[in-house]
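J.: Letter by letter, the chains look like this.
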Amino acid sequence: MPDAIHVHAVVPERALDLDVRVPDGSTLAVVGPNGAGKSSLLQLISGELRPDPGLVTVHGVPFSGPVRHVPPHRRRFGHLEQRPLLFPHLTVADNVAFGLRARGTGQAEATARALAELDAVGCEDLAARRPAALSGGQAQRVSLARALAVDPEVMLLDEPLAALDATVAPELRRLLRDRLAGVTTVLATHDLLDVVALADDMIELGGGRVLARGPVDDLCQRPSTPFLAGFVGVNLLHGTSRGGSEVWIGDDLAVAGSAAQPLPPGPARAVFSPAAVSVFAQAPHGSPRNEMPAVVVHVEDRWPAQRVVLDVVGQRIAADLTPQSVAELGLGAGVPVTAVLKATQVTLHPGAHPQAGDGARPRG
Amino acid sequence: MTGAATFPRWAWVPFGLTLVLLAVPLTALVVRAPWGRMGELLLSDRARDALALSLGTCAATTVIVLVLGVPTALVLARSSGRWAAVARTLVTVPMVLPPVVAGLALLTALGRRGLVGSTLSALGIEIGFTTAAVVVAQTFVALPFLVVSLEGALRSAGTSYERAAARLGASPSHVFRRVTVPLALPAVASGTALAFARALGEFGATLTFAGSLQGVTRTVPLEIYLLRESDTELALALAVVLLGVAAGIVFLAVRVGRRRA
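As given, the protein sequences belong to chains P and F, one line each in that order. To convert a position in the first sequence, counted from 1, into this note's numbering, add 747. To convert a position in the second sequence, counted from 1, into this note's numbering, add 902.
Next up, chain F with everything else stripped away, as it sits in the complex (with noise of 0.2 Å):
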């Protein structure tokens, strides 16, 4: 270590703790994970018919996400006054929101008897309990994380850039696709990384919304709670590759975000 401590020393036991309390539980999935069988578990129905409609309905998110919330954080970034400031706080919501509400708040919207629904009901589009349901309440709750952080990054970018491109006789698309967004690259990608990860995990708003069936709408989080009593050691299994997702997602977040310094 150079140059001296620009924190107090007792700050090493909160410190201490945090990385117990943090790394105890994980080390305890990974030492518990039933590794001889790993392959056999992983390749049963459940688990396969699992990882696959996760893998797919997190694809279907991300593209989602990406194609609406790059262009949402550039609007917000770039916009200020009272709408504005609905609009953030709209947006920011479903971060800080209870999955399970989330979920509800869907149903009621969107569910056969909900708000949209019983029109789209009518029209012989169902959503409630399908796995269009699943992507629908993994976006619900990911997109925000796109959004808000690409936000700061645009914002704090400044748009002198942007300026110049205008004045060289680029069009506003043009200075979209050719400078904002490549400047913006290293915030995309992260915010694109926690919005993936986030779906990945998301459990409350699905359950409530998409329901549990298999093959449908029983992602992996949902499959880890049904089986977690009954056959824990393909839940343990199922768990140690999430835990394997996330922490790769946070790893390849972290290096590309620090790209940009």
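This is chain P alone, in the form it adopts within the complex (with noise of 0.2 Å):
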């Protein structure tokens, strides 16, 4: 497939550095704690921030460049974010008629169109509200409406559902899929639902930089940075492989598990739940399990469960433990434990450290 869009940019102030592509018609999400620069990546597409060096096309022509810079008013993109921003003073109808009026289409036709969106989200019988009297789900849907009535090239989503009732996000992220398949689209996003539902491909970002990449269904699996694991829900150890079916964590500490194919020597991970760890006040010596020296970081509410994150060699990882558990072993900040793993819990993967699965930079 070809690329639809493809920015390759650094920009000093904010610390970026970057080279990411969307293939046409896919959805790219975009994961990174707050700060590592997914909002900048959706302003370098938008043209809100221009690259110092760098280029941003789309669909193979240059919108942001050395020699040229289209403005973001001359772009034909589609936004959503975490606020709807619809136009208070203006009817929900002539809010999604904006953009095309903007653009110069007639009234009549402008209104035609801006109703069959509305129509398409499901809010037709809004058409003549103002925005004031919509809940946050219909705004938000009128907001996606108002976006893709002017045929956007690419769609932009920051947090498109964060804001939003646990109640109403399925319902919108439903109609999200739905109203933006096969448009290439670009969402940043703090929650696996979204991703999982949405996206083709996933990107981890963490200091301006890419951290990670691949398909969703294959960084959800086999999650290759901590940031990854801790997103998707599993815990992640890095080590190196000997050969065999361990992966030495350090010199002294083996963790055992299963691996698709026998691992090379080298560098290799071990993936496990944070139901699969349990953890004893003394190590309880029984055989085909994993026995980790770990002292407890802290412990925090994960109702029904509580969730014990604990520092193995300078590694993290999370145990959930049952509150009586967590007070009988009297597990607190600073606290010596042996954390145990049954072999049968842990899988191995083959794969190096973050920084390593870089791709190309540009100069910098």
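Hints are computed from structural coordinates only; laboratory data are not their basis.
Quick list of simulated restraints, FRET-style, between CB atoms:
1. F/Trp937 to P/Gly883: 56 to 64 Å
2. P/Gly883 to F/Ala986: 33 to 41 Å
3. P/Gly851 to F/Phe917: 52 to 60 Å
4. F/Val998 to P/His1045: 52 to 60 Å
5. P/Pro917 to F/Arg1057: 37 to 45 Å
6. F/Phe917 to P/Arg823: 53 to 61 Å
7. P/Leu940 to F/Ala1059: 29 to 37 Å
8. F/Ala986 to P/Ala875: 36 to 44 Å
9. P/Asn781 to F/Leu970: 38 to 46 Å
10. F/Met997 to P/Gln829: 37 to 45 Å
Residues from chain P that keep clear of chain F, each with C-beta distances beyond 10 Å, as calculated:
11. Ala875
12. Leu911
13. Thr914
14. Glu918
15. Pro1009
16. Arg1036
17. Arg1054
18. Arg1063
19. Gln1071
If you only want the chain F side, here are some residues facing chain P, beta carbon under 8 Å, derived:
20. Tyr1063
21. Ala1066
22. Ala1068
23. Leu1070
24. Gly1071
25. Ser1073
26. His1076
Glycine included, C-beta positions come from ideal geometry on N, C-alpha and C.
With the hints as a guide, bring both chains together as one complex.
T.: What follows is the structure, given as structure tokens:
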């Protein structure tokens, strides 16, 4: 598939150095901690941030580059962010028609298109209302209709569901999936559900760089970075394989597990669920299990369980325990324990540390 | 009254004094006004000339204030840095300048022998002591009222709607017409009302720069000053008209301003 979007850009004042491609008609999810550069990437594409130096092309046309910078209002891109930002002085129908009117379409044609878009998001009966009379979910639907009314070349979504009630978000997520099918989309999100429901590929940004990239299914099943592991809700230990079905964490600790193929010697990682970790005050010494000396970092409530974050030879893993066990073991920050893990519940993957997984970068 | 008072009880004393200080002179004006002869007085030549001149010049001033002031406020609201601070100070100065000093400044700039005026004079354009001078003087003192109040409103409104409009494909001028101005309309209205009221009351700068020629530059405040001893009744009648207009404008400005919330 040809690339619909290609961003190859450096922005020194934001410490950005990115090379990101989005295949035509696909959706790319962008994840990473706050300040990682997710919004900056969207702004690079929308034209609100200029690369210095770098190039942003959409369908092969350079939109931002050394010789040319197309201002945001001359780009036919759709935006949807956390706030619907409907113009409070216009009716819902006029809001949806705004983009077409601004581009010179006549009133009648623009209104007809606006009503069709409202119909497609299930809001046709709201056309005459003012935005102040809408619920949060309705406003976000109208905002989606407004963005799609101009037939955008690409859609840029920045946390589109983050401000909505948990009861409203799933419906809107389904709507986004229907309405954005076949539209090249970049989606910045903190929510695994958004990624799984909407995206084909995924990148993790950290410190203004791409730390991991790949198809959503691959990265969810075999997260290559601690952030992705936490994002997906699994534990990740980085180490080295000496061949066989063990990953050595440091020199003295081996984690046994099952691998799809025998691990080649070299960097490798062990992936397991927080529910697969049990915690003991003293080492229990049962046979097919991994025993790891650990220190409690902190304990947090994750009803109905309590999540105990442990430090294992400098890496962090999470264990989900019942509140009773946490109380019986007297777990709190700084308490030394033994973390135990059944080998059958650990999957092993070959793979390097995140930084080495980065693609080509522009000068810098 | 509901809830607990959030101010000390002694604050009622200065509050009461303030009301007395402001209300007594205004009441005196209203009480002493020659209500019985009001129609006859206001239809006299001098009164009609002054009222027509004030109305016409204030209307012209208001149009100029809007055309210049709204874009100026927008530029200031969206700018930062040293030059913007200098421009902001420049815009604010006429508000605190004694009007007679403003008139003197206009005279030295635009008068017949003034810095710019001498050139204009050579081209056959005379501004000083004409009706145009009245409009210039009123604009000079009134423009800041619109710019300063509107700039604050635009700044606190932020740019998110304007950004959303640009992303939908609206050019900067389209955003200005369809988003910025409509959203700021209450602030534009109250700023315009304040500027109009300031222009209506203009005295010092007008007298200094435009003089006091009946029907040409003698606006209502100037006429009131001239008549205050020779024809007190007419002076009071005109004063009551100004008071009524000013009160009406403040009432409208407050109402429109509150609709914003």
